[in-house]
Amino acid sequence: MTSAAPAAGVHSLYGGGIASWLTTVDHKRVGVLYGVTALFYFVVGGIEALIIRLQLAAPESTLVGADTFNQLFTMHGTTMVFLVLMPLAAAMFNYLVPLMIGARDVAFPRLNAFSYWTFLFGSILLNVSFFTGGAPDAGWFGYANLTSEQYNPGMGIDFWLLSLQIMGIASIAAGVNFTVTILNMRAPGMSLMRMPLFVWMTLVVQVLILLAFPVITVGLVFLMFDRFFGTHFYIPAAGGTPILWQHLFWIFGHPEVYILILPSFGIVSDVLPTFARKPLFGRPFVIFSGLAIGFLGFGVWSHHMFTTGMGPIADTAFALGTFLIAIPTGVKIFNWIGTIWGGHVVFRTPLYFAVGMVSMFIIGGLSGIMHASPPVDWQQHDSYFVVAHLHYVFFGGTVMGLFAGIYYWWPKVTGRMLSERLGKAHFWLTMIGMNVTFFPMHFLGMDGMPRRIYTYAAGMGWDQWNLVATIGAFVIALGMLLFYVNAVRSLRSGPPAPADPWDAATLEWSMSSPPPEYNFAVVPEVHSARPLWLYKYGPTRDTSTHTREEGTPSQPDAPPARIDLPSPSWWPLLAAAGMGVMGSGALIGLPVVLLGAGLLVTGVFLWAFQPLERPGHPVFGPASSEGR
Amino acid sequence: MTEPLSSVEETQVEHGEHADGGHASRGTYWLVAVILAIITLLEVAVFYVPAIRPVIVPTLLSLSAIKFALVVLFFMHLKYDKPVLTGVFLGGLVVATLIVLALMLLFGAIGPGSHNV
Amino acid sequence: MSADAHRTSFGVGHRKMAMWVFIASECMFFGSLIATYLAYEGRSQVGPTPQEILNIPLTSVSTFVLLMSSLSMVLALDAVQRDERGRAKIWTAGVVVLGGLFLAGQVYEFNHFHHQGLTLQTNLFGATFYVLTGFHGAHVTVGVIWMSTLLVLMFAGRRGPERALDVEVAGLYWHFVDVVWIVIFTLVYLIQ
Amino acid sequence: MPRPAVRRRVPALVRALLPAFALLAAGCAETGWSTFEPASDVARMILVPYSDLLWWTIGIFVVVEATLLFALWRYRRREGDPDVPEQVHGHTFVEIGWTIAPAVVLFFIAIPTIRTIFATQGDPPQRDPLEIVVTGHQWWWEFEYPEMGITTANELHLPRGRTARLTLTSVDVIHSFWVPRMGGKRDLNPGSENTLWFTPDSVGEYHGHCAELCGTSHANMRFRVFVHEPADFAAWADGLAAKAAPDSAGFHAFLISGCAACHAIAGTPAQGRLGPELTGFGDRTTIAAGIYPNEPDLLAGWLRSPDSMKPGALMPDLNLTEERIRELVAFLEGL
Ligand code: HEA
Ligand code: HEA
Ligand code: CUA
Ligand SMILES: [Cu+2]
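Chains as they are written, first to last, in the numbering used here: chain A, 53 to 680; chain B, 6 to 122; chain C, 49 to 240; chain D, 654 to 988.
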């Protein structure tokens, strides 16, 4: 069927030293950087969660104090959302989108590097707060006016707001980059409707990022002005209202949760057909329901604010808007089941996680529908019921989906296979662990346990379920440990991966694992939504998705014509460092801010005037031997 | 309005890659600028004429909407450029406008009376 | 950037597409600022109020200046595309000068308000007004720097019609900032 | 306005099963906290959409998950399968069907939802509700009964059968008033007022909790609600109004220790408002916003060092001597 180019056969013109990573503009390397960073922070956020669970295992426990506990859940939430799920998804966007659409890089390779470094500096800034007198402690959505100078005089909130702003800039830059990449750089014949679902959902996610992040940026700017310059945007004594923050945060925050789930929807929509050995059922419906979810997602934010007293009309409007989202989401779920229906399901680890994602997300989605009814939400809001909902969608939905993607594409990225045995053990431990941890939280919430409490009295009927949840958390941790073991073992001594280990249908499987620097030796021509499958199996009974009876063959081992790739550059890193210095400067003093601004401007100018390809840039193909 | 638009699109197809931008003549630019200046003058005038007070808000909103459209269509060439760009811009503009309106309603800045926020 | 020379799926260059995408995003940025200004209008507990302090004649002049800078911008682009280097320089310089004039007007305005007792901290009007118009001013400043850079490059003789896209992308940014001002002028200054 | 009668709306089976749910939720122990054991009209009204939704979602869950698992089992790859299964791309009728079906379900969910939204907000059905002003403080509750001219803290007393209309506000950050068995929560926003009403229908003691993160001791911002028969309530209110502080050595100690700067005792010069009202303190069952029983040694511990009893407590450690503490405890318990 396909030829498997061994990993060792790929010659790297970029080299492998540290400098080559610091200056890289290769979307695949940037993707790997995002992925490694996210998996590191996953352990950090996970350990924070474990401490939370230990504290709550028994009533009136004194493992950590009240202030520490507030810092722990704030950092746990912020870390998991901004430092784990977003960058883990970004890792996959980076690595896979160009491969899936038949491009040799993203539209702006250096902007891409800038996004990563900016994100990295922002995330470091956030965590530095642990060592400078206290991390932020106002919850992951930092409700005003608990974040005001008066009620939160420490520096934790400053770190939080500055790092979120910096990471926001990184996300917006990446959002522009990927939107342009997907709109502009598709291989000939790769029409929008032929794009893999993962690419589609990436596009929707980028649009959501572009439209949602500016709003939280504005909210954070107001907070920054309140704290640094004495304005009164959120200060009730001067006529401001803390409710404004809630609106600005959730206008961002609700689209943000779809930013976090849609990549997983995309992954599942690509993984299920591969392992059911059938095309995605109702492809256009799955695409348009993704668009609908994204659009509706902008009209429901106040369902997080049903208890603020908005009045019956606003309650009704936002409840109905929220209910509506169940329809496109249901369409997706049903089409996934339709994909499995009538297939020949091959039970490999990616499939386990994909199915786990579908089954667990349904639970989270249904508890979301309960929240969407304002009277019900008055009972559930800020109780453990919400904690259950958010972990079923985040852990059961996003994390499971991302792991499906990790198991699916790992061979492509590393050129090595993972162990199926460890993978399945990881799956079962995670699946059991998450249900043992998070399902009882529904009961706790129904039983009146508020969230964000570091202690509770004995005899409230909460003891048993809290203990159960804690045990479950350690089961998850054990499962995750197996994943890290599996990963390390695979990198050290895993069996080499063929180009197309799963007999898949999309373009990224048409090249060696890992792919060469230039991705495609020849730019592919696409005639179907499943170009590779069409090539391998020929036209099947139904020809509706392809125009010609020929698929896209796998890539030759070496490029027949000369390929020029961009040169590495230090300037994105310099500009990003400038952002980081500016951010820390806001806490240290004006000179440091100016220094950072200077670095940023210098970096941007040097970068703008540096040609993308300079003498000595990587050149592949027949011309390369003469050219150098 | 539809007539010239479609013919423009045809030319664009003919010109292919080079069609981006630069279709209006200098004369058009000057004309648009003059209209913009006149509308601005009108806006300021409206502000000072007491008789218009009752309808000042809709009047001003319409006038500035015209200005907005003129700049976007002619100076930013959206009228002559690829439709995908119009889609991109309108996407952001529409969502932003709807959210501004919703916030106004929620804060009681417009709509039936102001309520507790 | 050579990437622009490549075929693109919609026939729109990367940088031009990127600028439009960015502009769509900026709609939300300014939308949030404007919404806040309007939501807080009339909620200040102490003066000065907009009615007491906003200077319509002055701002009308700056609005006019900014509109004319947009004209200058399109004419500059037109000249670059026709390879009329002399005119290109003149009109680009026009953008820089008019943009600078607008900024000068804003500096004067802020300074004047400050003397009349309106600061960021005075009341909600001060905070929302300065932050909204200040961010707009910051955008103009970036635009002026950008256009000045292009001007320098033109004098260095490095800008023929093949680089017209550089000017076009800068122009899109510039016009968008102008459009935002059209909205601010109406909602903040004229409808009080 | 006719209120939806729960007993008519909730099917019998559902009603029979709800307590089972409550029990499961409680880990099989009666708690007095559960949102499924309503003790007011509003709590019962909320239970209508709640139970509707609960059963709809459980039903959908079972059907969808069962189909998923069945499909996986039925269509697993088996020995001797052909290379590829039949390549089906979709089916428009099926798509339309499963778009409409959820919409229909949502319609049935929306109706009780909207009805309850409007029935529980706006004016209460009773003409003459008992007005109470609830003020949130970091980290305690102030309850003021303007009609009766009495104020108390952390323990709210209500008559059975009479609607209580709470006006909710805060002096510092956002808090949220939540008594699960009395109904849903409503936020206490600084700088504006919210209202919440409900009519308790069973005599008893109920737990309440602040439900919005409000700083260090958010976990320790609890309170109690006592619902009395109307006559008992009147007796309680009259008793509180008539309370007079004994002009004793203890009261003297109270004044010279600086307590009056923050605490008020009706009928005395002590009129501080930064801390909880102490009128009738001796009759309270708890101290420090519901986290300790009101017992002399715990109270003494509180006076010795509030911060170690309740992290972040805004009552300072006044460096009182043991002698002074004993006097104060005796005085406070006698209030
Ligand atoms: C991945 C992230 C994610 C996703 C996808 C969702 C999805 C949804 N969420 Fe969730 N939500 C969060 C993350 C997410 N949420 C987080 C983090 C919070 C808490 C924030 C905080 O306070 O810290 C939150 C909180 C939250 C609240 C506020 C609760 C409160 O604080 O009081 C509400 C209220 O309406 C809500 C609703 C919904 C709804 C209706 C959906 C829908 O999109 C779900 C749709 C899916 C289904 C319904 C299931 C599948 C559909 C079918 C099988 C079809 C048939 C179904 C029906 C007919 C019902 N969510
Ligand atoms: C976005 C994703 C996400 C993820 C994946 C998780 C994962 C987990 N969360 Fe998270 N959580 C949130 C997002 C997330 N959470 C958010 C947004 C909040 C709200 C915050 C707020 O209120 O502001 C929250 C709040 C929250 C609370 C409520 C706190 C409170 O209100 O007081 C709790 C309590 O149990 C909790 C627990 C857990 C647990 C046990 C896990 C586990 O699944 C974690 C498992 C992972 C690991 C354990 C790491 C990997 C493990 C290893 C590599 C093994 C080796 C290490 C050791 C064994 C030490 N979370
Ligand atoms: Cu008050 Cu939490
Ligand atoms: Cu939401």
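It should be emphasised that the hints constitute simulated quantities derived from the structure, not laboratory data. Honestly, I wouldn't trust all of these hints.
Which bits of chain A does chain D cover? Going by a derived footprint, with three or more residues having C-beta under 8 Å, they are [to be verified]:
id	segment
1	80-92
2	110-120
3	271-284
4	412-420
Pair ranges (Cβ atoms, derived) [to be verified]:
id	chain 1	residue 1	chain 2	residue 2	range
5	D	E975	A	G117	57 to 67 Å
6	A	F399	D	V757	54 to 64 Å
7	A	K476	D	R957	16 to 26 Å
8	C	Q164	B	V62	49 to 59 Å
9	A	V95	D	E975	48 to 58 Å
10	A	W73	D	L951	58 to 68 Å
11	C	R55	A	G673	35 to 45 Å
What the simulated footprint calls covered on chain A by chain D, stretch by stretch (three residues with Cβ under 8 Å from a Cβ of chain D suffice, anywhere in the stretch; the number is not a length) [said to hold, decoys possible]:
id	segment
12	188-201
13	219-229
14	657-670
The beta-carbon is built from N, C-alpha and C at its ideal position, and this holds for glycine as well.
Comparing the hints with the structure gives:
With 0 residues having a Cβ less than 8 Å from any Cβ of chain D, the segment 80-92 of chain A misses the three-residue criterion, and the hint is violated. Coverage of the segment 110-120 of chain A by chain D holds [criterion: at least 3 residues with CB-CB distance below 8 Å; count 3]. Counting residues of the segment 271-284 of chain A whose C-beta sits closer than 8 Å to any C-beta of chain D gives 0, which falls short of three, so the coverage hint is violated. Coverage of the segment 412-420 of chain A by chain D holds [criterion: at least 3 residues with CB-CB distance below 8 Å; count 4].
For D/E975 and A/G117, the hinted distance range of 57 to 67 Å is not satisfied, since their beta carbons lie about 27 Å from each other. Separated by about 35 Å at the C-beta atoms, A/F399 and D/V757 break the suggested range of 54 to 64 Å. The supplied range of 16 to 26 Å is broken by A/K476 and D/R957, whose beta-carbon atoms lie about 58 Å from each other. A beta carbon spacing of about 26 Å between C/Q164 and B/V62 contradicts the range 49 to 59 Å that was offered as a hint.
For the pair A/V95 and D/E975, the supplied restraint of 48 to 58 Å holds, since their beta-carbon distance comes to about 50 Å. For A/W73 and D/L951, the Cβ-Cβ distance of about 60 Å falls inside the hinted range of 58 to 68 Å, so the restraint holds. As the Cβ distance of C/R55 to A/G673 is approximately 19 Å, the hint placing it in 35 to 45 Å is violated. Judged by the Cβ-Cβ criterion of 8 Å, the segment 188-201 of chain A is covered by chain D as claimed, because 5 of its residues qualify and three suffice.
Beta-carbon proximity to chain D at under 8 Å applies to 0 residues in the segment 219-229 of chain A; the threshold of 3 is not reached and the given coverage is violated. As drawn, the segment 657-670 of chain A meets chain D at 0 residues by the rule of a beta-carbon pair under 8 Å; below three, the given contact is violated.
In terms of the numbered hints stated before, the structure departs from hints 1, 3, 5, 6, 7, 8, 11, 13 and 14, listed from lowest to highest.
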